[in-house]
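Novice: Okay, here's what each chain looks like letter by letter:
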Amino acid sequence: MKVLYFAWLRDRVGVAEEVVDPPGDIKTVGQLAAWLAQRSPGHAEAFADPAAVRCAVNQDFARAEEPFSTDDEIAFFPPMTGG
Amino acid sequence: MKVLYFAWLRDRVGVAEEVVDPPGDIKTVGQLAAWLAQRSPGHAEAFADPAAVRCAVNQDFARAEEPFSTDDEIAFFPPMTGG
Amino acid sequence: MIKVQAEDFDMGAELEALSQGRQNVGAVASFLGLVRDVAGPGELSAMTLEHYPGMTEKQLERLEAEALERWPLDRVLIIHRHGRLEPGDRIVLCAATSAHRQAAFEACAFLMDWLKTKAPFWKLEEVGGQANWVEAKETDDEAAARWNENKQH
Amino acid sequence: MIKVQAEDFDMGAELEALSQGRQNVGAVASFLGLVRDVAGPGELSAMTLEHYPGMTEKQLERLEAEALERWPLDRVLIIHRHGRLEPGDRIVLCAATSAHRQAAFEACAFLMDWLKTKAPFWKLEEVGGQANWVEAKETDDEAAARWNENKQH
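Protein chains in written order, with the working numbering: chain X, 1 to 83; chain D, 1 to 83; chain P, 1 to 153; chain W, 1 to 153.
Be aware that one or more of the hints could be misleading.
[Unchecked claim] No farther apart than 25 Å at their CA atoms in a straight line, the calculated lysine to any residue pairs in the SDA-like style are these: (1) W/K137 <-> X/V53; (2) W/K137 <-> X/A33; (3) W/K58 <-> X/A48; (4) P/K3 <-> P/E106; (5) W/K118 <-> W/E138; (6) W/K118 <-> X/P41; (7) W/K137 <-> W/N148; (8) P/K137 <-> W/H100; (9) P/K58 <-> P/E14; (10) P/K137 <-> W/P72; (11) D/K2 <-> D/R12; (12) W/K58 <-> W/L18; (13) W/K3 <-> X/A48; (14) D/K27 <-> D/R39; (15) P/K118 <-> P/G129; (16) P/K58 <-> P/G129; (17) W/K58 <-> X/V15; (18) P/K118 <-> D/P23; (19) D/K2 <-> D/P23; (20) D/K27 <-> D/A37; (21) P/K3 <-> P/L18; (22) P/K118 <-> D/R39; (23) P/K137 <-> W/N148; (24) P/K3 <-> W/H100; (25) P/K58 <-> D/T28; (26) X/K2 <-> X/V20; (27) D/K2 <-> P/P53; (28) W/K137 <-> W/P72; (29) P/K118 <-> D/D21; (30) P/K3 <-> P/E66; (31) W/K137 <-> P/W71.
The set of hints was computed from the structure by calculation and includes no laboratory data.
Chain X extracted, bound-state conformation:
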């Protein structure tokens, strides 16, 4: 499945998107974030402060407890600073 990163999350992870294959017991986006954090030191740094990470499932905001399927477009990014 595909995961997107934006802004400083992308800088820390090192890529704008990657294809990953999480195990079946990873059911929520919060669990996915914790699992992604183990992939590399960069990932660990990106996800170090869960309060500073926002998530979208299929381009809608999602809380940590929100479930996902492997067909979904998942994105992680910092709090927005537009406008």
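Following the hints, put chains D, P and W in place on chain X, whose structure we already have.
Specialist: Frame of chain X; chains D, P and W shown alone:
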């Protein structure tokens, strides 16, 4: 002294400005309005509802009790409806 | 800046000029007032805006100074037209520029609220051949009074 | 109407188009956001606005629909640029048109408050050769929360 009228006050009085010579015991703009009201039926109609009449002395808003001198520019008009 | 004029104005150019070369201006809040078609579709209508030359400029300059004193603004613009106007015509443009959006928004709303009750303009509406002076609205007095915590002028 | 674009826009033309031929529009409230020179005079600075293509448009369309539902508006316009911008450059234009000024003002402030916290944009500031991601402001969250009586997403 010169008195100016605007909007429906002018329509009722019939002129945009006139030169008047109020007696010496007319000291406030409220007294002036009451005195002007006696000049013609049109004046009477213009000043019939004191609550609907605003006054300016030298282009600043003035309350009924404000004194004036015969050198001042006095204007009477309805509540404003600009903007 | 205050402009009282019969002529139309170019809103884009006016707003552009406000922030031109001002590098600490992050926010330009503006309000444009247009003549509404009060007669409804099909019927011809128009409006004539009368004002008190001299007093208008004096009061609008006071309003500008008041806004600049109350909020951390860079600039204030008020353009108000007078004379005969038709539906869709521009009547008034207010704008406030600031480093921050909240100050610009609040000042712009303040300008419009005060303008409605403190600037010596009167609207004469023509609908179906009848000309009527528009009556002042109590809601406008209430809107202006919101800002009146401190003494004015 | 929603526009997400790298190109600059003509504010006058955009606002003109909003009320063109709409005879019951008496009020056009708008807000223009510009890049501020955060570095101070003399120092070069710039900013790059990153966004999430697709999600941006989806969220802004939702925001537009929300404003149209909450206030008696005629139209809503949101233009947000992305890419590299320099001090003085236009970033964002929000506008709301209505028969009455209060609805237009409130809706325009609402659009900006939500845009700051709900639109997936991120600012990268360059000052003196250093590039830093701008941190989200708590005051922006508070400003957005003002409108949050009902459930939002």
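Novice: Determine for every hint whether it applies to the structure shown.
Specialist: Here is how each hint holds up against the structure:
no. : hint              : verdict
1   : W/K137 <-> X/V53  : holds, 15 Å
2   : W/K137 <-> X/A33  : holds, 24 Å
3   : W/K58 <-> X/A48   : violated, 29 Å
4   : P/K3 <-> P/E106   : holds, 21 Å
5   : W/K118 <-> W/E138 : holds, 13 Å
6   : W/K118 <-> X/P41  : violated, 29 Å
7   : W/K137 <-> W/N148 : holds, 17 Å
8   : P/K137 <-> W/H100 : holds, 13 Å
9   : P/K58 <-> P/E14   : holds, 21 Å
10  : P/K137 <-> W/P72  : holds, 20 Å
11  : D/K2 <-> D/R12    : holds, 17 Å
12  : W/K58 <-> W/L18   : holds, 21 Å
13  : W/K3 <-> X/A48    : violated, 35 Å
14  : D/K27 <-> D/R39   : holds, 18 Å
15  : P/K118 <-> P/G129 : violated, 29 Å
16  : P/K58 <-> P/G129  : violated, 34 Å
17  : W/K58 <-> X/V15   : holds, 24 Å
18  : P/K118 <-> D/P23  : violated, 31 Å
19  : D/K2 <-> D/P23    : holds, 14 Å
20  : D/K27 <-> D/A37   : holds, 15 Å
21  : P/K3 <-> P/L18    : holds, 13 Å
22  : P/K118 <-> D/R39  : violated, 29 Å
23  : P/K137 <-> W/N148 : violated, 31 Å
24  : P/K3 <-> W/H100   : holds, 23 Å
25  : P/K58 <-> D/T28   : holds, 23 Å
26  : X/K2 <-> X/V20    : holds, 6 Å
27  : D/K2 <-> P/P53    : holds, 15 Å
28  : W/K137 <-> W/P72  : violated, 30 Å
29  : P/K118 <-> D/D21  : violated, 29 Å
30  : P/K3 <-> P/E66    : holds, 17 Å
31  : W/K137 <-> P/W71  : holds, 21 Å
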